[in-house]
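Asker: Residue numbers (the UniProt record's numbering), protein chains in the order written: chain A, 1 to 428; chain B, 1 to 513.
Treat the hints with care, as some may be off.
Simulated DEER-style distance windows between Cβ atoms [to be verified]: (1) A:Leu403 x B:Pro130: 19 to 25 Å; (2) A:Ser310 x B:Ile115: 33 to 39 Å; (3) A:Arg351 x B:Ser110: 43 to 49 Å; (4) B:Glu89 x A:Thr304: 47 to 53 Å; (5) A:Asn301 x B:Arg508: 34 to 40 Å; (6) B:Leu290 x A:Ala242: 17 to 23 Å; (7) B:Ala448 x A:Thr304: 44 to 50 Å; (8) B:Glu89 x A:Pro185: 25 to 31 Å.
Source of the hints: derived by calculation from the structure; they are not laboratory data. Note that beta-carbon positions come from the ideal geometry of N, C-alpha and C, so glycine has one too.
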Amino acid sequence: MTVKTLLLAGGALLASASAASASGFQVNLGGQKNIGMGGVGVGLSLDQAAMFYNPGALALVRENGVQFGVNAALARISFRSENGGDQRALQNSVVTPFNFYAGFGPKDAKYKFGLAVYTPYGNKVKYADGWEGRYALTEIDLKAVYVQPTFSYAITPQLSVGAGLMILAYGSVNLQKDLPLPTGPGHIELDGKAKTQFGYNAGIFFKPSDKLGVGVSYRSQIDAKVENGSITYTGLPTGASAGIVNPSFTANKFAATLPLPAVASIGIGINPTDKLTLGVDAALTFWSQYRTLDFAFSSDNGGTGVVGGSATSTSKRNYQDALAFRVGGQYMVSDKLAVRAGASYDFSAVRDGFVTPETPDADRAIGTLGLSYQVTEKLGVDASFLFEALVKRTQTQQDLLNLGTTDRVAGTFRTNAYIPGIGLHYKF
Amino acid sequence: MKLFIKRSAPVLGLLGLGLAGCQPDIDAPKVSAGSADFSRYVSVGNSLTGGTADGGQYRESQLNSYPNILASQFALVGGGTFLQALFSETQSNGSGYLRLAGFTPATATSLPAPITASVTTNLAIRGAVPTRTSPLPRPQPLYTKDLSDINNLGIDGIRMSDITTAGFGNSASTGGTFAAPTPVFNAYFERITPDGSNESYLDRVKRTVASIKPTFFTEWLGNNDVLGFATAGAAANSVTPAATFTANTKLVLDALTAGGAKGVVATIPDVTNIPFFTTVGPSFRANLALNNTPVTVAPFIYTTGLLAPGQPNTRVLTAKLSDIGNAPGTAGNLLLTLTASPYLSLYGRATGKYWRDFYQQARPNLPPTYTLAQFLGPAALGGLAIDTTKAFGQDPANPFPSTLVLDPTEQASIVSTTNAFNTTLTTEANARNLAIFDANIFFRSVAASGFATNAVNNTAGYLSGNLFSLDGVHPTPRGYAVIANEMLRVINAKYGSTFQGVNANNYRGVVFP
Numbered sequence: 001m002t003v004k005t006l007l008l009a010g011g012a013l014l015a016s017a018s019a020a021s022a023s024g025f026q027v028n029l030g031g032q033k034n035i036g037m038g039g040v041g042v043g044l045s046l047d048q049a050a051m052f053y054n055p056g057a058l059a060l061v062r063e064n065g066v067q068f069g070v071n072a073a074l075a076r077i078s079f080r081s082e083n084g085g086d087q088r089a090l091q092n093s094v095v096t097p098f099n100f101y102a103g104f105g106p107k108d109a110k111y112k113f114g115l116a117v118y119t120p121y122g123n124k125v126k127y128a129d130g131w132e133g134r135y136a137l138t139e140i141d142l143k144a145v146y147v148q149p150t151f152s153y154a155i156t157p158q159l160s161v162g163a164g165l166m167i168l169a170y171g172s173v174n175l176q177k178d179l180p181l182p183t184g185p186g187h188i189e190l191d192g193k194a195k196t197q198f199g200y201n202a203g204i205f206f207k208p209s210d211k212l213g214v215g216v217s218y219r220s221q222i223d224a225k226v227e228n229g230s231i232t233y234t235g236l237p238t239g240a241s242a243g244i245v246n247p248s249f250t251a252n253k254f255a256a257t258l259p260l261p262a263v264a265s266i267g268i269g270i271n272p273t274d275k276l277t278l279g280v281d282a283a284l285t286f287w288s289q290y291r292t293l294d295f296a297f298s299s300d301n302g303g304t305g306v307v308g309g310s311a312t313s314t315s316k317r318n319y320q321d322a323l324a325f326r327v328g329g330q331y332m333v334s335d336k337l338a339v340r341a342g343a344s345y346d347f348s349a350v351r352d353g354f355v356t357p358e359t360p361d362a363d364r365a366i367g368t369l370g371l372s373y374q375v376t377e378k379l380g381v382d383a384s385f386l387f388e389a390l391v392k393r394t395q396t397q398q399d400l401l402n403l404g405t406t407d408r409v410a411g412t413f414r415t416n417a418y419i420p421g422i423g424l425h426y427k428f
Numbered sequence: 001m002k003l004f005i006k007r008s009a010p011v012l013g014l015l016g017l018g019l020a021g022c023q024p025d026i027d028a029p030k031v032s033a034g035s036a037d038f039s040r041y042v043s044v045g046n047s048l049t050g051g052t053a054d055g056g057q058y059r060e061s062q063l064n065s066y067p068n069i070l071a072s073q074f075a076l077v078g079g080g081t082f083l084q085a086l087f088s089e090t091q092s093n094g095s096g097y098l099r100l101a102g103f104t105p106a107t108a109t110s111l112p113a114p115i116t117a118s119v120t121t122n123l124a125i126r127g128a129v130p131t132r133t134s135p136l137p138r139p140q141p142l143y144t145k146d147l148s149d150i151n152n153l154g155i156d157g158i159r160m161s162d163i164t165t166a167g168f169g170n171s172a173s174t175g176g177t178f179a180a181p182t183p184v185f186n187a188y189f190e191r192i193t194p195d196g197s198n199e200s201y202l203d204r205v206k207r208t209v210a211s212i213k214p215t216f217f218t219e220w221l222g223n224n225d226v227l228g229f230a231t232a233g234a235a236a237n238s239v240t241p242a243a244t245f246t247a248n249t250k251l252v253l254d255a256l257t258a259g260g261a262k263g264v265v266a267t268i269p270d271v272t273n274i275p276f277f278t279t280v281g282p283s284f285r286a287n288l289a290l291n292n293t294p295v296t297v298a299p300f301i302y303t304t305g306l307l308a309p310g311q312p313n314t315r316v317l318t319a320k321l322s323d324i325g326n327a328p329g330t331a332g333n334l335l336l337t338l339t340a341s342p343y344l345s346l347y348g349r350a351t352g353k354y355w356r357d358f359y360q361q362a363r364p365n366l367p368p369t370y371t372l373a374q375f376l377g378p379a380a381l382g383g384l385a386i387d388t389t390k391a392f393g394q395d396p397a398n399p400f401p402s403t404l405v406l407d408p409t410e411q412a413s414i415v416s417t418t419n420a421f422n423t424t425l426t427t428e429a430n431a432r433n434l435a436i437f438d439a440n441i442f443f444r445s446v447a448a449s450g451f452a453t454n455a456v457n458n459t460a461g462y463l464s465g466n467l468f469s470l471d472g473v474h475p476t477p478r479g480y481a482v483i484a485n486e487m488l489r490v491i492n493a494k495y496g497s498t499f500q501g502v503n504a505n506n507y508r509g510v511v512f513p
């Protein structure tokens with residue numbers, strides 16, 4: 001399988017759910033084993049997914065192998081407007097983030113090569129028709145696929161380092177909302193592809209004894225830049241008011257930049273017995289880089305273009321750095337069967353009064369379960385299930401007025417997400 | 001591998017769907033009355049309370065009156081029926097109103113401008129009476145009567161100073177003669193007053209309090225006590241004296257609280273922020289810019305103060321076109337009224353169009369034999385001293401009329417009068433421990449920075465601001481919904497109730513064709 005076919009598969013079926021297992025629109029679904037253990041992995045060398053969690057640990061992963069995993073993320077977002085009315089729900093859809101890893105190295109060598117493909121950020125929500133926030137957002141689909149060639153080297157049997165070149169190989173955004181036109185509601189759709197960008201993922205892994213591992217890792221920020229996105233309108237007036245209204249909607253191109261922030265993690269892995277593995281991670285995502293979401297509008301022929309009468313738009317985000325604490329364990333029931341459980345708590349990246357419909361973020365509690373079954377000596381199946389509950393979050397019209405964030409909607413959001421996942425691994 | 005994705009994804013999906021049928025629930029917030037009782041609600045006020053919009057009152061505008069919206073919220077905590085003098089379905093266009101018919105096409109030298117038209121079908125007009133202020137051939141229409149025991153006592157055009165006027169709802173009160181004027185009846189009060197009755201508005205309030213026994217009320221009177229003065233360019237219609245305003249405020253609040261009712265008193269917004277005054281000046285300036293008119297050089301000569309025969313009219317000779325307000329809310333600039341719109345294109349031309357129109361308007365207040373020549377004649381003989389062969393607005397002999405201009409002095413006087421009235425309203429409301437909706441502060445902030453509702457930006461702008469209707473003075477349904485929500489906020493704060501208000505975006509602004 002080539003990277004290209006993987007990306008095609010990704011383009012066809014990948015997206016990542018809003019509320020998928022980390023703050024903001026971050027997705028912490030790197031590998032089925034890790035997911036089952038509450039998302040820990042920085043202080044462990046479980047399998048090839050170390051390339052995502054801590055590239056430094058890859059050199060200490062015993063076997064070469066290829067593994068693939070896919071999740072079905074089902075977010076259930078409920079919303080109640082500040083001004084009464086029925087509870088609103090999403091138009092539910094399943095999105096399927098996935099990951100692929102291939103790690104190789106000569107037997108008994110101090111180093112390993114690897115290739116990772118994963119989806120660290122993503123977001124997809126589609127609200128019910130006519131919901132209160134329709135003029136802020138009706139739907140969003142944000143995708144980001146990273147491809148990461150990785151190299152890891154064991155300096156001593158206890159200490160290894162690793163790094164990968166992160167490539168934002170595929171990124172896309174589709175944003176839609178209704179327009180409050182004086183002739184009745186219209187609709188605008190912004191659609192664009194991100195330019196290829198580069199970053200790095202580096203880690204150090206220290207294993208002073210068979211029973212203890214300690215790791216640190218850092219994934220750098222990549223800015224997803226859309227330079228030539230397209231804008232399409234529906235419902236602009238065609239009659240007597242066309243000459244008044246339509247000059248405010250002349251743009252058909254847009255440019256925007258969305259930061260996919262850096263993540264610094266530290267983790268500890270403990271093996272009290274041969275059968276039991278425990279992990280504890282703490283991660284800090286540098287969301288404070290996300291200050292505003294800015295769009296610059298233009299038109300095809302290189303000329304100026306406006307949306308709503310303005311050539312630019314700025315929306316406050318003012319995200320804050322977000323901490324997450326994770327804990328998980330794995331127990332080998334037999335040579336063939338492993339069971340896992342874990343939990344994590346992620347603090348929200350979004351401050352009070354800044355909650356937007358595209359990322360109705362809040363502090364979240366996560367519980368996970370997982371198991372692996374070794375079908376043959378080389379081939380195994382991994383499965384995981386993740387449940388997360390976001391704390392109910394309310395912002396009032398007065399909050400929005402006070403903060404100048406009136407481009408969003410006043411009310412209460414509550415989200416649960418259910419994310420089953422399955423994967424295959426092949427060792428050699 | 002692709003096969004694996006294809007086969008496992010639907011399985012995962014099904015598994016997830018089975019597990020995830022459960023949508024998280026957000027409990028509906030409890031709406032409670034707090035310490036007030038909303039079971040019987042009565043509203044007292046003027047056209048804003050009656051639900052006037054687009055220069056008239058019609059069934060849709062009445063249904064979207066802020067008292068009717070409030071009543072729909074009060075109904076959630078046991079509020080009873082709220083009756084308005086609604087125009088019937090078959091007479092749904094009531095008094096008639098303005099609609100937006102289209103726009104003039106943009107040209108190289110002029111920006112597009114709205115074209116309004118009057119709705120004249122399905123009216124609720126039952127007859128007409130010539131009065132001193134509406135003589136033949138345009139007599140005052142009489143509207144279809146509704147004598148039921150209504151809760152909404154909003155009367156279009158009523159001033160605080162009118163509430164004790166006897167015969168205010170009697171069509172026999174035609175105003176006497178020019179030489180001996182008497183009060184003229186109000187057609188909206190007439191339609192809810194029994195034929196031949198001389199009941200004053202205050203008496204009607206007392207009668208309503210006695211029969212409905214309101215537990216809650218809203219009171220929003222006083223706008224017309226400065227508005228009429230302002231919309232006439234501060235050139236006529238004197239402002240209500242402060243003593244009368246205070247005395248009448250006490251009378252109406254005492255009547256409303258006689259049975260122990262709680263309520264809200266609203267203050268008067270500063271009218272110089274409304275589109276009626278902030279639209280025409282900027283659009284005139286934009287057209288001048290399109291024509292590269294040297295606005296800092298070209299004179300804009302106008303009269304200030306009273307404009308009436310026999311009165312000395314003061315001409316301001318030093319102003320330039322650049323003194324006309326270029327943007328709403330710019331201090332110290334000249335404001336042009338919406339009614340100035342048809343005359344601005346005549347700037348610089350030798351024309352007497354405005355003065356002929358003004359003569360027609362003024363005739364009811366003039367001696368019957370007074371001619372146009374006398375009207376425009378020399379000041380020494382009591383005329384206005386206008387030479388219509390001179391350039392309109394450019395020559396001191398043919399100035400732009402005070403009736404269409406609010407200059408900084410007049411604006412300051414309107415603001416100080418408004419503030420004085422508001423001090424009275426606030427003092428009297430506090431003396432009776434009532435909630436206060438400070439409409440002045442609210443609309444000032446709307447004028448300064450707009451008021452977004454669920455990601456829709458509403459402003460105090462004309463046509464596209466969503467809040468003000470085509471007359472530039474009265475709100476749209478969206479504007480009334482926003483007012484109702486703001487009132488509910490002060491009610492919640494005062495009485496500990498938990499009303500949620502309405503989604504203002506479900507109420508229309510100005511609809512374009």
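Asker: If any of the earlier hints don't hold here, list their numbers in rising order.
Answerer: The structure conflicts with hints 1, 2 and 7, although it agrees with all the remaining ones.
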